[in-house]
Amino acid sequence: MKSLTDREYQQYSRTMLLNDIGEAGQIAIMNSQVAIIGMGGLGLLVAQYLAAAGVKHLLFIDNDVVEISNLPRQLLYTPTDIGKPKVTVAKRTFSRIHSDIHIDAMNIKLTDDTIKANLQLITSKLADVDVVFDCTDNLPSRHVINQLCVQHQLILISGAISGYQGQVFCLNFADQTSVILSGCYHCLYPSHTHIEQNCTQQGVLGPAVGVIASMQALMGLQHISSTLNQYGVLHCFNAKSFLWQQAQMSRDHQCHVCKPMHISAQDQGAEYVTN
Amino acid sequence: MSLINATPSITVTTDLIRLELNGTTVMLESDLSLSGLLVVNNIDVASVAIVVNDTVIPRSGWQHIQCQANDRINVFSAVAGG
Ligand SMILES: [Zn+2]
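Protein chains in written order, with the UniProt record's numbering: chain W, 1 to 275; chain C, 1 to 82.
Next up, chain C with everything else stripped away, as it sits in the complex (with noise of 0.2 Å):
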């Protein structure tokens, strides 16, 4: 962002904080919700289950529920095969 002269140096940054999704370590928003992070990911919102530090979080709190610093996330696509 470019600023004039004097005023005070205005930054607009929004934090990040470290998790981890799948076992792999990631630097996101601090804002996302869980319906956010699939967005993020490409990743169909329907078509998935997801576990927050080891528990099933219900598809229908994903996005009311941010994510965390240090959580650990894990996405299960759904299968329904026999």
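Chain W extracted, bound-state conformation (with noise of 0.2 Å):
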């Protein structure tokens, strides 16, 4: 697409009306593919503001059903939905509300296991995606897509949140500067992470899902109309006194997930003068 409808441009107004953005974003906006892994209360939310602004190409993965318990917070899941295939919904609903967007459907859970069992699949789908929403609910699917993110050169905008803790970044794996900068998921978060608690543990407010999952949508919108200034920076919200803190986030020197791709000897050396 190269140019926009008399109707697309009515539609989008508000957004090309931002001069940074313009129709050239829109455009870039409207031509863009994102994968959003997980659709919880994050990734459902990342998709509908997604494909309202324009997106017209989604991949959608998940393995979970509709449970009764996510509808406080999944807003287009519905009571008729429970125990079926959240993709599988997610698709049909989407498809029904925009009838010119393309939704790719995979009923997987992610782990290294499925990955190596369908690597060409996977590798195919996620070769022309300029942005990977991490929206799961647990560390080794977020390690498995980090590795993921990193070995394809992906933009990775990764959202969590529980009980009133939420947190948000986006990292530039495209980009070695910034990966020797900032690093991967697995430099903040090594393997041997222990998550506490979960949201199924520690509870959580629909909105405070809400905010994380606008930041996602933000992030991914701004990248891909090149608007973007910040990444590699680790956004912290707490939903109880509402405020945010943000930190630089930094590459483990002892990472071996985003070490052999991207750091060459040379850069290895200035890496350990700055630290």
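Derived by calculation from the structure, the hints in this document are not laboratory data.
Glycine residues also receive a C-beta, built at the ideal position from the N, C-alpha and C atoms.
A few of these clues could be false.
To be verified - Okay, derived cross-link-like pairs now, SDA-like style, lysine to any residue, Cα gap no bigger than 20 Å in a straight line: (1) W:K91 / W:N107; (2) W:K240 / W:G206; (3) W:K240 / C:S35; (4) W:K240 / C:G23; (5) W:K240 / C:L21; (6) W:K56 / W:T88; (7) W:K240 / C:S77; (8) W:K56 / W:T93; (9) W:K56 / W:K116; (10) W:K259 / C:I57; (11) W:K125 / W:I97; (12) W:K56 / W:S95; (13) W:K125 / W:K84; (14) W:K91 / W:I103; (15) W:K240 / C:V48; (16) W:K56 / W:V129; (17) W:K240 / C:F76; (18) W:K240 / C:N22; (19) W:K240 / C:T24; (20) W:K109 / W:T88; (21) W:K2 / W:M16; (22) W:K56 / W:L76; (23) W:K116 / W:H102; (24) W:K56 / W:H223; (25) W:K259 / C:S60; (26) W:K116 / W:Q153; (27) W:K240 / C:S60; (28) W:K240 / W:G203; (29) W:K84 / W:S69; (30) W:K259 / C:G61; (31) W:K56 / W:A28; (32) W:K2 / W:L17.
Said to hold, decoys possible - Now the stretches of chain C that chain W is said to cover, found in silico as 3 or more residues with beta-carbon under 8 Å: (33) 32–44; (34) 66–79.
Take each chain as given, in its own frame, and dock them per the hints.
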């Protein structure tokens, strides 16, 4: 797509009124492809914002079914969807709301084993993806997704929330300088990280999930329209005090996940000097 | 420490430094590492990220990096829910 129809001009006029985005940014959004992994509270909202903003190609990955306890924060699912695969329901619903949208749904949990078993398929599906949104609910999936993004030099926008604590960041694995500076998910939370409590145990308020999902969608649209200024910044949100805190992420020089692909001997030396 | 008569007064003191931990001013022993800071505060080393003066410190460095006076240290629990 190189230009907009009159109707699209009207539809996306508020986005294009932002000077730095403009028509070129909107066209980039409409030509983009995204992968959303985890179609729970975060993933559904990210998908809704992106589809409404004009993203036409979305890949949904999840292997969960809709449960009654999902309904307070996973707003597109209804009681009649209980027991059905989330990706099936989401694909059907999004296709109904947005007539010209292309949704690819994979009913699969990404693990080392399933990736190995479906490597060609997953690689081909991620090949043209502009952004991967990690909206999953467990640490092992997050490590696997991080590794995939590092290997394929993708953009990872990771969001997480449990209780009153939310965290969100965007890492650009296509940019070696950014990787050397900010590292990867594994640099922040190594494999042996212990999650004290998840949403199932600790609970969460739907709108708090919405805050983090909105940030993920916001970062994604800004990246796609080339207006994102911050990569490698960890944003922590306290949903009780409503305070945000930011921190520059750092590469762990011992990290084996983001090292082999990107760190040349020369860069490694430079990194030790700056640390 | 009790001392005998005329010997010079020897007292074992640990220097304390003032820093900010999760927004609260605290006094800590000056030779405390980031790992030690977590231990002193009963925080599971494997369940958090540490930010010192607005920069994330990777876990592999926590044993070797000492808390400095006036540091602003924030400890965030790892969260993975979605
Ligand atoms: Zn890493």
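Verification of the supplied hints:
no.	hint	result
1	W:K91 / W:N107	holds (11 Å)
2	W:K240 / W:G206	holds (13 Å)
3	W:K240 / C:S35	violated (27 Å)
4	W:K240 / C:G23	holds (15 Å)
5	W:K240 / C:L21	holds (18 Å)
6	W:K56 / W:T88	holds (17 Å)
7	W:K240 / C:S77	holds (15 Å)
8	W:K56 / W:T93	holds (14 Å)
9	W:K56 / W:K116	violated (28 Å)
10	W:K259 / C:I57	holds (17 Å)
11	W:K125 / W:I97	violated (23 Å)
12	W:K56 / W:S95	holds (10 Å)
13	W:K125 / W:K84	violated (24 Å)
14	W:K91 / W:I103	holds (6 Å)
15	W:K240 / C:V48	holds (19 Å)
16	W:K56 / W:V129	holds (12 Å)
17	W:K240 / C:F76	holds (15 Å)
18	W:K240 / C:N22	holds (15 Å)
19	W:K240 / C:T24	holds (17 Å)
20	W:K109 / W:T88	holds (14 Å)
21	W:K2 / W:M16	holds (15 Å)
22	W:K56 / W:L76	holds (18 Å)
23	W:K116 / W:H102	violated (26 Å)
24	W:K56 / W:H223	holds (16 Å)
25	W:K259 / C:S60	holds (15 Å)
26	W:K116 / W:Q153	holds (18 Å)
27	W:K240 / C:S60	violated (31 Å)
28	W:K240 / W:G203	holds (13 Å)
29	W:K84 / W:S69	holds (14 Å)
30	W:K259 / C:G61	holds (17 Å)
31	W:K56 / W:A28	holds (11 Å)
32	W:K2 / W:L17	holds (18 Å)
33	32–44	violated (count 1)
34	66–79	holds (count 5)
Violated hints, in rising order: 3, 9, 11, 13, 23, 27, 33; the structure is consistent with all others.
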